[in-house]
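A.B. asks: Read off the chains here:
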Amino acid sequence: MSATVADTHAEHEHHGPVAGWRRWLYATNHKDIGTMYLILSLIMFFVGGVMALIIRTELFSPGLQFVNPAFFNQMTTMHALIMVFGAVMPAFVGLANWMVPLMIGAPDMALPRMNNWSFWILPVAFAMLASTLFMPGGAPASGWTMYPPLVLQTGDAFPFLIFSVHLLGISSIMGAINIIVTIVNMRAPDMSLLKMPMFVWTWLITAYLLLAVMPVLAGAVTMLLTDQFFGTSFFLAAGGGDPVMFQHIFWFFGHPEVYIMILPAFGVVSEIIPTFSRKPLFGHDSMVYAASSIAFLSFIVWAHHMFTTGMPLTGQLFFMFATMLIAVPTGVKVFNWTATMWRGAMSFETPMLFALAFLFLFTIGGFSGLMLAIVPADIQYHDSYFVVAHFHYVLVPGSVFAVMAAVYYWMPKWTGHYYDERMGKLHFWLSTIFVNVTFFPMHFLGLAGMPRRIPDYSTQFADFNSIASIGAIGFGLSQLLFAYNVIQCVRKKGSTATDAVWDQPQGLEWTVPSPAPYHTFETPPTSSVKTTFS
Amino acid sequence: MIRKLCLAALVLLGSTGANADWALNMPKGVTTLSAETYAIHMMVFWWCVAIAVIVFGVMIYSLIRHRKAAGAVPAKFSHSMTAEIIWTTIPIVILLIMTVPSAELLIKLEDSRDPDITVVTTAYQWRWHYAYQGEDVEFFSSLSRTSAAARRKGSGIDPETVDNYLLDVDRPLVVPKGAKVRFLLTSNDVVHAWWVPELSIKKDAIPGFMNETWFKAEVAGVYRGQCAELCGMDHGYMPIVVEVVEPEAYQAWLVNEKDRVAQVAVADGEIR
Amino acid sequence: MSHAEEKYYVPHGSHWPIVGSAGLLFLMVGVSVWLNGGDTGFWVMLAGFAIIIFMLVGWFGEVIGESESGRFNTQVGMSFRMGMFWFIFSEVMFFSAFFGALFYARNMAIPWLGGESNNFFTNLMLWDGFESTWPTNGPGNIGGDFEPMGPFGLPLINTVLLLSSSVTLTIAHHALLKGHRSLVKVFLGATFVLGFIFVFLQAEEYIEAYQHMNLTLGSGIYGSTFFMLTGFHGMHVTIGAIMLTIIWFRVLKGHFTPDKHFAFEAVAWYCHFVDVVWVALYVFVYWM
Ligand code: HEA
Ligand code: HEA
Ligand code: CUA
Ligand SMILES: [Cu+2]
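Residue numbers (numbering that gives the first Met the number 0), protein chains in the order written: chain P, 0 to 533; chain V, 0 to 271; chain X, 0 to 287.
Same shape as in the complex, but just chain P:
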């Protein structure tokens, strides 16, 4: 017994990372795993982005120039799956890995080995998904929503699609369990739940959403698999099933899924705005309640994606009302951020700029969401580019901008060096201008009657499509700057960061050295709540 004690002791005190590939393959350190998540996410963002550019290039002008319709649909499907499951979700899990233990004063994640597995399942899943591009029949082409019976027409890719979704689900579930257990069980002794930073709070709520809906998605695709290969009739009317039943089950997952992609973003913004306003977050507790209400409501609004499926009238009315209600807690968040900035002393470093763009542009996306919730109007908007505009506003200048804000905000803590502020600002302005050039015209296209998921369109839609395509290429190229900034910072090209990094930010993560040592808080910090503002 005593030998073991000495053993653990020695190992903990003196070991930094092991050298070579083992450090990454066998990683149990939350910072290493967080880094791997973030790198994977960046790669996937570029891969998904290239697919988006293929879509936009084909749509640059009417007529079919570059790809065949079948391949176009494959690109739409893969773009969405890769962006959602490969870029945005892993980015937030990576941030959680890096920051949650630092923010709550924990030595690591609660279940470090499982943490490794959550990550290393992802490359397997994406390898399977990507391999479908080279299969007879091509990649899945039924949209990321995988509606039957169309999805059952997928070629050899079909089981690969299903199983990669299973793997992504397993990974997310394990990740979510780890985050919940870490937050609930590993906080510094004096950090009560309501004292937790907002990023930790939003992630706690997100983790519950993940746990509740990823298994449901797994169940849904399992039913697709058995309908295809084992003769079941879940989605076959002749057998007493219903193709629309899949849509219900999918969106029971799918709607909470979109909040899974935005709640951590809310958390990030709630960290950044106070720091650069030099003022505590306004209404911390009501922010917690608002995020919880959003999460709760997200379970009872799913069928707003299905207003044209012929649901009974009462169903449509219920889902309309429930959906509209989400504007209330979301409004509370927006107003509280505004109140945080109000009478602050703001400065506009890159993270703050991205957070501000988030504030404005996410709200615009939220407004179009509200419009979509109005059933009679949605009957017109549905499956048009108006919807595409809506969700890219909440996802790109929403989730993706929040990830970028977070990276700029915490990178000096990770690497010990600042990024190049001038380059950061350049990246910000180019991104913000081009993101609007890309996605704003899509509102007009949708209202004028352009359906989504089409490789070619009538000539009346030509102008706005060209503008959107130019914007997309501009936005894509601007992201090379992002990669450049990150690489330069990792290569320690910038000036050395102080421990606090910014001007008196709040939170435990700023009390450890920059770069954060390999092991932090091996013994819990005595006073976890650092309030520098008041």
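Among the hints, a few may not be true.
Cut-off 35 Å, straight-line C-alpha distance, at most; resulting in silico cross-link-like pairs (DSBU-like, lysine-lysine) [as the list claims (entries may be wrong)]: (1) K491/P to K6/X; (2) K492/P to K67/V; (3) K491/P to K67/V; (4) K194/P to K424/P; (5) K424/P to K75/V; (6) K184/X to K6/X; (7) K6/X to K194/P; (8) K194/P to K67/V; (9) K67/V to K424/P; (10) K179/V to K27/V; (11) K27/V to K215/V.
Selected chain X positions facing chain V (in silico; Cβ < 8 Å) [what the hints assert, rightly or not]: (12) W111; (13) N117; (14) M124.
For the record, the hints were derived by calculation from the structure and aren't laboratory data. Yeah, the Cβ is synthetic: ideal placement off N, Cα and C, and Gly gets one too.
Chains V and X with the ligands: place on chain P using the hints.
C.D. replies: Same frame as chain P, now just chains V and X with the ligands:
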């Protein structure tokens, strides 16, 4: 960004006209309910603009006045019950204002009872089949030959030179003006959706189920739409054309069609 | 209290997860290829299974070793417990998807096919003559006439078996808490034996269904929901019984103390969860 939004709003305002090539807004449409749909859309839009002006206004004011560079000293406050109650209540009220007319319109949209004409529409990959209930008229409607030739990759045909590129069919649906037309929609294979913006209806065609929807067109004319649910490779190539004609013209068309359909059906069978 | 007790145990480096990922890769690719009609897929799948079993044995072995050598403090134990609890919650949600399908089919899809709600024409024009009933294999009589599985006979026996296994498990748990190890051995042993008998009888039930009742996975929505729900449940009973066997051997080896027995608790929770699912199944699938 705010400038962008205002600009967009202005453009939207000025665009309610009929310039089809630069259409920015939802069409007002030609049915009894499409104008109401348009009105709801605009009402919600203007509420959003109003909220945006206020919220973004406050933000921008704050961004300008409360800058560190402008010498601002941070205040210390971090909560206010009153403020929070106000900004939870006002949105609820606004939402309630929006729901009432929306629900009323929805109830009307769902009421497809007592139609004058019923068209049974069956979706196929990738064309539509229409059958006039009670009349002996039924036919397939698919992408017109000119569009079909131009749409191929490397066809060498400039889409600009094709009339109604991708929005033209070989055989349009013909309905009389002022009649309540009910659609019974189903599908033969995968899910499709029947959408004509000017008629303000969109409804999914689901295999094994029969969906209902209806319209009553008040203005004669040709209205175009497209399939609005991803249905495979040629989802982008299954347009819809509805010709709304005077009732007498409709009757004449029906008579004419009854013979033609018989012949065409034979020809169709041979092609397939 | 020693120093290590206060510190949270953070393992440094483990190759088991990556082995697990390799196993999953082989397994999933293997099944996919096999389903697509490639015979090699079957062997790849078996290889994947083998790797995963190797991983499970190795990984759990390592954790058991650490536990027995006293590296885990109570906080680590708490992490394991919470992790298990939320894992079970995710399992509950997985089953919900299938229960949801059952409820949706019975309360929505089938009545609609029978012409209810806004589906008058669905019935009239597409499925004329179909009446909304349960059990059903749908208006297309998919899979041909079949006999539904009643609640008595084997299912009832199985209910009794599973509920008694719940009782024996609880007795074993209490005995462990009080330190009566011989009692633990007997009742834990009884529990997994009951579990395996359950699985055996369910196999009998399936054979009966396939051979004499023409009730198969292909028997429309009834067959689909019946076999998917009971099948996934049976799979869970099997896993539970195997885990019970493993901890039984650990008890024989002298593992677990009245205050440190996470693995025992985890398996117990899992089995209770599986029992609860069965009760729901018995009520909604066999009975109502
Ligand atoms: C991050 C992702 C994200 C987020 C946050 C949202 C947020 C919302 N979404 Fe969106 N949505 C998607 C991602 C997202 N959505 C995606 C991916 C799809 C398409 C999927 C597919 O088909 O492929 C989609 C589709 C979609 C539809 C279906 C459209 C269709 O297919 O016909 C609907 C319909 O109701 C909808 C509604 C909403 C609403 C009401 C919100 C609300 O949460 C927004 C709330 C926010 C605000 C309203 C702004 C701030 C509030 C205030 C300033 C307060 C005052 C305001 C008022 C009182 C109005 N969304
Ligand atoms: C988080 C999710 C996310 C993100 C980040 C994005 C980002 C982008 N999306 Fe996408 N998108 C979805 C989620 C997302 N999307 C979903 C869910 C759908 C629905 C799918 C469906 O219908 O099933 C969809 C569908 C969709 C469509 C509709 C397709 C259709 O209906 O047929 C379009 C069309 O323009 C589009 C465009 C873009 C563009 C231009 C970006 C850009 O923001 C991407 C920018 C990034 C890059 C461009 C990569 C980085 C740069 C380089 C690699 C450098 C090289 C650059 C050059 C050489 C120029 N997306
Ligand atoms: Cu038919 Cu899309
Ligand atoms: Cu939604």
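A.B. asks: Now tell me if each hint is right for this structure.
C.D. replies: Now the hints, each set against the structure:
no., hint, verdict
1, K491/P to K6/X, "holds (33 Å)"
2, K492/P to K67/V, "holds (28 Å)"
3, K491/P to K67/V, "holds (29 Å)"
4, K194/P to K424/P, "holds (33 Å)"
5, K424/P to K75/V, "holds (29 Å)"
6, K184/X to K6/X, "holds (33 Å)"
7, K6/X to K194/P, "holds (24 Å)"
8, K194/P to K67/V, "holds (27 Å)"
9, K67/V to K424/P, "holds (18 Å)"
10, K179/V to K27/V, "holds (19 Å)"
11, K27/V to K215/V, "holds (14 Å)"
12, W111, "holds (7 Å)"
13, N117, "holds (7 Å)"
14, M124, "holds (6 Å)"
Every hint from the earlier list agrees with this structure, and none is contradicted.
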